[in-house]
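*Asks:* Take a look at the letters that make up each chain.
2 protein chains.
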Amino acid sequence: MNTTKRTEISSLGEFGLIERITEGLTTQNKESIKGVGDDAAILQFSGDEETLVTTDLLMEGVHFDLTYFPLKHLGYKAVVANISDIYAMNGTPRQITVSIALSRKFCIEDIEELYAGIRLACQQYGVDIVGGDTTSSLTGLAISITAIGTAPKGTSVRRNGAKETDLICVTGNLGAAYMGLQLLEREKIATAGKDIQPDFQGKEYILERQLKPEARKEVLEKLREEGVTPTAMIDISDGLSSELMHICKQSGTGCRIYEERIPIDYQTAIMAEELNLNVVTCALNGGEDFELLFTVPIADHEKVAAMKEVRVIGHIVNESMGLALITRDGAEMELKAQGWTQNNC
Amino acid sequence: MNTTKRTEISSLGEFGLIERITEGLTTQNKESIKGVGDDAAILQFSGDEETLVTTDLLMEGVHFDLTYFPLKHLGYKAVVANISDIYAMNGTPRQITVSIALSRKFCIEDIEELYAGIRLACQQYGVDIVGGDTTSSLTGLAISITAIGTAPKGTSVRRNGAKETDLICVTGNLGAAYMGLQLLEREKIATAGKDIQPDFQGKEYILERQLKPEARKEVLEKLREEGVTPTAMIDISDGLSSELMHICKQSGTGCRIYEERIPIDYQTAIMAEELNLNVVTCALNGGEDFELLFTVPIADHEKVAAMKEVRVIGHIVNESMGLALITRDGAEMELKAQGWTQNNC
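Taken in sequence, the protein lines are chains P and C.
Numbering-wise, the first sequence is residues 1 to 345 according to the working numbering.
Numbering-wise, the second sequence is residues 1 to 345 according to the working numbering.
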């Protein structure tokens with residue numbers, strides 16, 4: 001390791017680090033249509049389909065805590081998180097590879113539980129497990145999944161196509177997975193070393209959003225049925241603010257979203273209240289919702305407004321106007337992105 | 001984790017574990033031509049090319065020791081190990097995704113070193129970096145690379161096509177990377193806490209085989225030029241014995257290889273002598289050589305015998321005859337496979 005000069009990673013943050021290591025990166029093969037910088041890479045081999053590729057690496061103690069996260073759920077979620085990136089390109093997930101590294105604390109039955117969840121998600125979304133790697137680890141569990149998807153040539157949707165006046169839409173509701181995580185963390189502390197059960201009553205929904213998230217497959221089908229093609233799309237894994245910044249930065253635009261339009265489930269609101277957290281801040285910055293954030297031309301307003309699972313939360317503006325949230329009292333608040341170097345909420 | 005029943009992973013071993021978790025695994029998508037069980041998966045999307053996918057997960061302390069493995073070399077080797085699997089399918093590597101998890105001990109300069117090696121390998125082999133994931137880790141470094149390649153439809157070579165009387169061929173020489181590792185481990189101990197430099201004189205070749213391995217791209221080109229199509233192929237990452245067992249098991253055959261035919265470099269032999277190890281055992285079981293092991297019809301004997309980089313080491317026999325090494329004195333020794341649960345040599 002370098003001993004002469006030492007710049008801490010925290011000084012750059014996640015996005016800064018990614019920018020640094022991908023600086024000047026070019027592609028040599030003509031079929032590498034789109035490399036780093038979107039939910040998935042786009043490859044155009046021969047034929048009339050594009051191949052989409054995305055990958056995630058999950059580390060025990062960083063991405064999951066096995067004291068409350070059942071292995072079967074972890075397997076399911078790891079798959080969903082990956083194929084959500086394929087859906088966010090307007091593609092269909094087809095295959096995954098699964099690599100795991102295991103320390104000695106894990107037994108065969110544990111791995112079977114993990115794989116039961118992985119297989120269930122694959123069955124649910126029509127995806128094949130086509131390869132992987134199994135190895136040992138000195139400490140804890142590491143899971144690396146790569147998902148491969150397809151889209152008819154020219155139909156994949158990137159982050160960079162948003163245009164002024166486009167409507168900003170989100171599916172479902174936001175902040176629920178993050179509140180589920182806060183609940184699990186609270187009950188972990190409350191029950192530690194005691195012979196009592198955690199109390200999850202009335203909070204089943206936010207728990208499920210954290211422990212068994214789903215990808216928004218059906219919304220894409222609905223959009224296709226209605227003939228609506230998003231101009232830009234991303235899945236919400238790091239939080240609405242962060243994803244909006246990606247879309248606006250890559251599209252060269254600004255945005256206005258409205259606090260009163262942000263969809264929040266009542267269980268999310270109650271939990272935030274209990275924990276004395278601002279629920280809107282949580283909806284803006286809480287990760288792992290795996291909802292879709294996308295923009296559509298204003299001409300599609302009626303169609304998206306009629307979709308039960310979609311909420312129009314704002315619109316795209318000129319880059320010079322910046323990114324802002326309009327609060328209930330009409331004030332403008334600048335949106336800020338957050339990566340894994342900072343707390344989410 | 002499971003507390004009711006607990007079967008240790010060591011009771012199954014690596015290959016047993018893989019068998020268990022992939023048991024009954026079927027594919028749902030028609031384009032998933034070949035799933036788990038080969039060097040890479042084969043996908044047939046529309047068009048006249050097959051897509052090949054392979055993945056590896058490398059963990060610090062298990063797969064590499066940063067006290068003597070420079071990060072730039074590690075990056076290079078991680079790419080080579082992956083694309084070697086694409087070559088072993090008779091394919092051409094095109095893209096990779098790179099995921100890394102980093103603990104706090106790493107600084108930006110370290111990551112730049114790692115990526116310099118990754119980029120160098122990509123440049124060397126004409127491969128594009130098209131995606132990845134960057135995250136934190138509680139302890140050490142984890143690297144997950146997925147490689148994507150292509151092969152004209154129907155030309156990829158699997159492990160299962162070997163037939164009786166086929167010739168067994170290997171490229172280059174064996175055991176060198178393993179001996180390089182033994183040398184590095186010896187010098188690590190010899191120099192620990194002392195102000196002396198490790199002594200690598202006269203051992204540059206085995207060191208290079210461990211620290212900067214190459215994939216056997218040019219041999220495949222040569223085979224194509226000569227019109228030789230291997231009937232089965234695999235790259236030697238776990239050791240000759242282990243890979244031969246994969247080919248024979250999947251092809252439903254046995255094999256005979258000859259001790260005197262196994263290619264061994266003189267530096268490998270000298271190092272084995274110094275360490276009081278049996279050099280043939282090391283050539284049979286030492287990993288990470290990334291040479292190609294393949295079978296060809298006996299009719300191609302003249303062509304392969306004339307290739308400088310290829311050595312015919314034996315032939316395929318009927319399954320009932322088992323897998324054996326014929327020693328220099330004519331004795332038959334049964335070949336045994338070894339995974340990561342046992343020592344290699």
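Hints are computed from structural coordinates only; laboratory data are not their basis.
One or more of the hints may lead you astray.
Copies of the same chain look alike in the list, so a pair counts if it works inside one copy or between any two.
Unchecked claim - Derived SDA-like pairs: lysine to any residue, alpha-carbon spacing no greater than 20 Å straight-line:
#1 Lys72 - Ile18
#2 Lys153 - Ile326
#3 Lys5 - Pro70
#4 Lys336 - Glu218
#5 Lys203 - Leu277
#6 Lys222 - Asn276
#7 Lys72 - Glu19
Fair warning: this is a prediction, and the values are worked out from it, not measured in the lab.
*Asks:* Next step is simple, just say for each hint if it's right about the structure.
*Replies:* Results of checking the hints against the structure:
no.	hint	verdict
1	Lys72 - Ile18	between (31 Å within a copy, 18 Å between copies)
2	Lys153 - Ile326	neither (38 Å within a copy, 55 Å between copies)
3	Lys5 - Pro70	between (42 Å within a copy, 16 Å between copies)
4	Lys336 - Glu218	neither (30 Å within a copy, 51 Å between copies)
5	Lys203 - Leu277	within (16 Å within a copy, 63 Å between copies)
6	Lys222 - Asn276	neither (37 Å within a copy, 69 Å between copies)
7	Lys72 - Glu19	between (34 Å within a copy, 19 Å between copies)
Violation of the numbered hints given earlier is confined to hints 2, 4, 6; the remaining hints are satisfied by the structure.
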